[in-house]
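Enquirer: Now for the letters of each chain:
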Amino acid sequence: MDQARIRNFSIIAHIDHGKSTLADRILELTEAVSAREMREQVLDTMELERERGITIKAQAVRVPWKGHELNLIDTPGHVDFTYEVSRSLQACEGALLVVDAAQGIEAQTLANAYLAIENGLEIVPVANKIDLPAADPDATAVEVADLLGDDPARVLRISAKTGDGVADVLDAIVERMPAPDGDPEAPARALVFDSSYDQYRGVLAFVRVVDGSFATREGLRTMATDTRFDAEELGVFSPAMTPVEQLSVGEVGYVVTGLKDVSSLRVGDTLTSVRRPAEKALPGYKDVKPMVFAGLFPTDSDDYPELRDALERLKLNDAALVYEPETSQALGFGFRCGFLGLLHMEIVRERLEREFDLDLLVTAPNVAYRVKEKDGDLVEVHNPSEFPREIEEVEEPYVAASIIVPKEHVGAVMELNNDRRGTFGKLEYLSPERVHLTYELPLAEIVLDYYDQLKSRTRGYASFDYDVAGFKPGELVRVDVLVGGEPVDALSLIVHRQFAYDRGRLLVDRLREEIPRQMFDIPIQAAIGSRVIARETVKAKRKDVLAKCYGGDITRKRKLLEKQKAGKKRMKQVGSVEVPQEAFLAVLNIGQGQKS
Amino acid sequence: MSTIRHLYLHLPFCAHRCGYCDFVTATGRDHLHGAYVDALLRELEEEHDGSPVDTIFLGGGTPTFTALPELLRLLRALPTARELTVEANPETVTPELARELRAAGVNRVSLGAQTFQPHLLRVLERRATPADVESAFGRLREAGFDNLSLDLIYGIPGQTPDQLAADLERAIALGPEHISAYELEAKPGTRFTIAHGAELERQAEQMEDYFERVVATLTGAGYRWYETANFCREGKRAEHNLGYWLGRDYLGLGVGAVSTLEGERRRNTPRLAKYLQGRYDREIELLDDGTRARERLMLGLRLDEPLPLRGLRRALDAEGLARAERLGLAVDGGETLALTERGRFLGGAVTAEIVA
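First to last, the protein sequences are chains S and A. Taking the numbering used here, the leading residue of the first sequence gets 1, the next gets one more, and so forth. Taking the numbering used here, the leading residue of the second sequence gets 1, the next gets one more, and so forth.
No wet-lab data here; the hints were simulated from the structure.
Pairs of lysine-lysine residues, derived as PhoX-like cross-links and limited to a Cα-Cα distance of at most 20 Å, are as follows:
| hint | chain 1 | residue 1 | chain 2 | residue 2 |
| --- | --- | --- | --- | --- |
| 1 | S | K260 | S | K315 |
| 2 | S | K315 | S | K286 |
| 3 | S | K374 | S | K472 |
| 4 | S | K543 | S | K568 |
| 5 | A | K187 | S | K557 |
| 6 | A | K236 | S | K548 |
| 7 | S | K426 | S | K407 |
| 8 | A | K187 | S | K559 |
| 9 | S | K539 | S | K568 |
| 10 | S | K572 | S | K539 |
| 11 | S | K559 | S | K548 |
| 12 | S | K569 | S | K557 |
| 13 | A | K187 | S | K548 |
| 14 | S | K563 | A | K187 |
| 15 | S | K565 | S | K541 |
For reference, chain S alone in the conformation it holds in the complex:
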């Protein structure tokens, strides 16, 4: 295809603002898919995504329009995947910014819109859902135009649901967005903007050709990780996988690599030819590091092998997921897992429970800490139980948070952010009613119940987005929980010194309620190092006998005994203390709250 007739674009939208519906209409209108063939939302492939209304993995679809070739590159819709979004956007020249005309701009839209602007994309604003009675397309157009420094008249007004205005969107893509400008004669370079794993064909790379062209069976290599493979097949999605002999400059498609490990092909890496390699990789590649960590343990320790297999399989399609075996005295064998963020963690957990039918215990999530030890060594700590007791200094990750909220809730949001050690950035009015607030917050303060709090304090009206913004020193301490004098590794946590007492007290009180009385006194303590900050005792029981037992009672009493014994075996052993699984669950649930 003539380079000048190619348009590569993404759709930026908040969840439920109509991205998938618009994509469906585009596919219908361009007859890339017949109505009969069409699943309700073609781009969302996974059941889970469909249910959560979000898209986890990007894909690309080629559609024809009036003699042009349009490539729609789907972007993940959540904050945890900012890097992936940025790579998808880098593969485009333009983006549709879709805003629900009844809702207005949301924080996530804003964040991704800025990302698109930073990537130099031509943005075509679209006010969607104009068919809704509550829609206010004029106000939305002003809000969006304000954000982009554009003319409200250029904001398209459509209803993806009814199809009204969708053809205008396609025309605007052709007219307003530039064609790709790569050099067809230069050594081949392609941006890997996503990858996926197919059990028969291995790793599939989704690529945007930036310079030159690639041919089938050509020897290729990645420039950052230096992975080499032969292009077993090149192709495009239209929307079914369609093999092509060649992918040329400006085009978007897939490469069947035959690789068995997604981690050898990283998003953001540059693909080039072995025979005539490019000299410089494309900018922007990052080795994405997980920021949020939690221990995953099977509720039934017999399920450990199943959990291991399930993680291996998830990992095939999720290069961002990292895990290593972890042994907890209290919870047995499990894995320490690293996630891009909270949503990523939730997705992994739900997939493990749903697709693999596993019952999991998840420890309270924590962030990555950079610790300088007394002897000067620097270590990165992902697990509170590995947090050194003697430290010189510790740094924790911070995020730049962006919150959009109706003005009457500004006070509540500020109060919440102050409670969470936030530093105020700026406040601006997006419209007379809606305020955009920025804060710098420790990531640790939002991994617990921040979303819930934000939602409940703003009656659900706040929208929130964040981006990790580096590490800063903090007054952080490790709080250990000791049961019967034994530290319970799974319950250790790292908190800011100002919260240590309250958190310790809460844990200790909760455990005292949950641990049944046993044959001896059980002290329950929270401690920072050797200093106990909270203490309770589960008093020993003084009597445990079956009242009477004669000839007619023996079977029933024996069954009671067997039940009692079986109950003991289900308990987790901390030293000589038997702790019911439910006690850990109750304690791990403190502050973990419901996920948004």
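Dock chain A against chain S, hints included.
Expert: Below, chain A alone, put in the same frame as chain S:
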């Protein structure tokens, strides 16, 4: 047929079914006493060759509520035994009954006193008054019984610690050879439990104190705490019940009665009409070696004497036993296993710890 050493006979008839009772009982069936004794004797003949046994226990129900001629007819047909116990409710003990029992060879009576507080007796729906208990006791003594046992219940809705202390004091004052003191067991879902729910919960919180008080008071008065819930003057253990606790076989006859014979436990139908027709409809439970060993541990550790461990080692959880020893609750003597005093207060939990 094995040599049976312990014989139990169940006499289900009662004037009234007490709210907390969960035994097989029959009320308003007074015309059936004769037929029932016939049925019992028939079953006895089927199951036993008439040779002497060590102990016989007549339990109920209220054995002494059975029409006296029928009761005596039964007693006279029984094989000879070293210990022959009959359970009695105080209000049924007339001077005549006491004399006749004695004459029929009964040498031990277990008297269901439960409490000496009139209002608590009413809560339990017992018919006797405290005075009945004392006069029944006197009449039995007069008839020549030198081995009497009193049953007490504690944790009764409305009971106070002082009232328990008073009960213990009055029981001791009567000077029985044996005292059984039971925690009130209220079965979930029974009308008693429903009627007294909240108060039963309050009582449950007191049980630790009550149990400690019972043991301390009775041992202080010179009784031997020889089984979890049983106390005796030296040499006056309940030989029949000891048979259960030592894991011996026993033959139980009558409606709802349980036998354990050569690794088989069976329960007769609890339905009187069926039993009277000789339809026992026995529910059979086969006890494998492991089960028998667990039962031996469970029962044997209720006693104050060390439990001989011969053949029982494999039924022990070695780690659990080590823990129990570390906590000072049990002593592994190699050949025997014993609970310490504190271990006996926690006997159920310790057994669960120790058993494999």
